[in-house]
Amino acid sequence: MTHGPASGTPRTLFFRLSVRLALVGLVFLVVELAAVVWMYVRNSNELDQLLVTAEADRIAGDIPQMQANGAVPEALRQPTAAGTRRAFLIHERGGGVIARLNDGDLKIADEPPASFLVIRTQRESWGDRFLLSGTRRVAVGQHPFWITVAISGHGFQPFVPVIFNEIRFHVIFPLLLLSLMFLLFNFSVVRSTLRPLQRTITAINAIDPAQVETRIKAEASSREVAALVSAVNAMLERIERSVRALKDFAGDAAHELRTPLAVMMLSIGKLPDSPEKAKLEVDAQRMKRLVNQMLDMSHATALELDPDRRADLAAIAREVVTELTPLAVVRGHSISFMDQGTAAVHGHGEAIGRALRNLVENALTHTPAGTPVEVTVGPGPQLDVRDHGPGIPEDRRTEVLQRFRRLDRSRPDGAGLGLAIVSTIMTLHGGVMRIEDAHGGGARIRLVFREGGAAIPT
Amino acid sequence: MRVLLAEDNPRLASLIAEGLEAEGFVLERFGSLSAARESVAVDRYDLFLIDLGMPDGDGIDFVRAVRRAGNTTPILVITARNGLGDRVGGLDSGADDYLVKPFDMPELAARCRALLRRPGACLGTTLNVENLDFDTIAREVRISGQVIHVPPRECDLLERLMRRAGHVVSKASLEDTMYALSSEVSPNALEAVVSRLRRRLVAEKARVVLHTAHGIGYMLAPAAQAGQVERGAPR
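Chains as they are written, first to last, in this note's numbering: chain B, 114 to 571; chain A, 274 to 508.
Extracted from the complex, chain B is given alone in its bound form (with noise of 0.2 Å):
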């Protein structure tokens, strides 16, 4: 496996195949300019034409200014290539002189060409010097001209811009256009080839944590991006394994806790009464709801809702309230119940029932004795819970719903798991848990279920 750089972020695959393209470019590049320098050196006549013709182009450039003063630029004294002498002659039809230029003993004789013509290159050497003459008919504002023209000079590097300008027409200026394509050509294709792989990332950012069961959808445009989407999958399915399997853990322990809870429990009931058993009760009691509550937890996470499942709000408060009331009135509490007015809610009626259930003993054991407890249901998809105690502080309500964690700390029941559970059910079917102050003292504590499928505003 290959990682980025060790600092900063990755280049992007563009760059990347744009440096490698760019490479193949260059070594393109030198291999073409051997090439080229190596066709040259071996054939010298092309250079030669090259050269008069360069001489010719240019001297061709001055025809207008020469023909209206009849004296040759200054500029145009020097000869192209450095290291040369260099003479010229410029006929205009009919044989006429328009511009003539003599270098020391290197003349030109002044023999019209033929008026057919066009192009005539002649080299002339002894040992490493050469003499080229040659003749280029050239047309300048319809009006043709024969530019003849004698350069002498030893060596090889008069030539040596004339082949720079040959590498510059053949070479680069080509090689540019084809890198300018190459780069065309790798961004359209990285874009087309990375397309399935931003559709499967923007899927992977998708997936909702809460939702272990999700798999992504493979791309059938590419057998790479496919092994991709297969390999994220399996990934998933691990870790969908070892979340059911810690999820379980905290369920199956609290399982396994029972019977030996319940050993415990029919132990101490064979005591004799004392002040030590009656703590003892107290203890086993605490003890057995915190079990209740690790695997109501457990539950809560691991339910998933048959979206078919209908729920009677009304029924399960009645049957909450009816089940409660005893350890209410051992509490020195009063429940009522209070039907407003609901509909069937798409739920899970069990889960729904211990969301409420949790509530209402969370009422009962953190407000005095004596206060009453409200439970109504309706008007609408919701659950309400009211008591006459302190309350929970606005800027604890986020707290609460964390496992684990409660209010007062120095009362020694509760795990503090109630409010958790609650939240957990609430969320698996789509509602919310509001906290809230009553008119009058004490918390209310809302659970709003979705009407018709409807999001619940926050």
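These are computed hints drawn from the structure, not numbers from a lab.
Don't take every hint at face value.
[To be verified] Partner residues are not named here, just some residues of chain A that face chain B (Cβ under 10 Å, in silico):
1) E291
2) G439
3) H440
4) V482
[To be verified] Reference listing, derived: stretches of chain A covered by chain B, where coverage requires no fewer than 3 residues with Cβ under 8 Å from a Cβ of chain B:
5) 278–290
6) 373–381
[To be verified] From the derived model, a few chain A residues whose C-beta atoms are all more than 10 Å from chain B:
7) T345
8) G367
9) L389
C-beta: ideal position from N, C-alpha, C; glycine also.
Position chain A against the provided structure of chain B, taking the given hints into account.
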């Protein structure tokens, strides 16, 4: 009262057996479902106490088999399972009641007695809460042994409440039993009977309280004692 107990944890089994024997039950203990099955085939019991998680199978299957064989003996299932939906599953299989571990002896004994009182079972005829007794056959109410006069409507109400003592009985079901034959029941009729009965119980110094669960129904419970250990409601 012969009770079959199928429980694989020997310690729990002996504690349950001792506790119930102290309440007057006679227990036969089995550590496996197969042994329990053999015994059911030849012996008669008044109640089955079945732990669902047995080493040689699921107690639910045992319950189903017993019911399929036409055996109507009351069955109380004891289980450590309490998943969402487990309760319904347990009762659907034919069990009459469901007790989740951990529990204490009074709760278990009360559940057993409640099942034995059900119609069809061989049941005791006297209901008792604290110093209050109700003879269901003679329809006689006694407080601390003294027979007191209770009018028929209040008597019906008291019987219903005593059968479910410690639990809330819904208004609707009370109205159904008390006014089954009347075509019209005024909304306050039940409240009136309840308040008369409540005054009578107080006047006769019964150590029970008739609680109102507002919006739900009524509950008869022993009067609260100082230092009483609270027991969680059954779940």
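Consistency of the hints with the structure:
A cut of 10 Å between beta carbons decides the hint on E291/A: the least distance to chain B is about 7 Å, and the hint holds. Annotation: interface hint on G439/A holds; nearest CB of chain B at approximately 5 Å, less than 10 Å. Interface restraint check for H440/A: the shortest CB-CB distance to chain B comes to about 6 Å, inside 10 Å, so the restraint holds. Look at V482/A: its Cβ gets to within about 8 Å of chain B, closer than 10 Å, so that hint holds up.
With 5 residues having a beta carbon nearer than 8 Å to a beta carbon of chain B, the region 278–290 of chain A meets the requirement of three or more and the stated coverage holds. Counting residues of the region 373–381 of chain A whose beta-carbon sits less than 8 Å from any beta-carbon of chain B gives 7, enough to reach three: the coverage restraint holds. For T345/A, the condition that its CB be more than 10 Å from all CB atoms of chain B holds, with the nearest at approximately 27 Å. Non-interface call for G367/A relative to chain B: holds, since the shortest CB-CB distance, roughly 20 Å, exceeds 10 Å.
No beta-carbon of chain B is positioned within 10 Å of the beta-carbon of L389/A; the least distance is around 20 Å.
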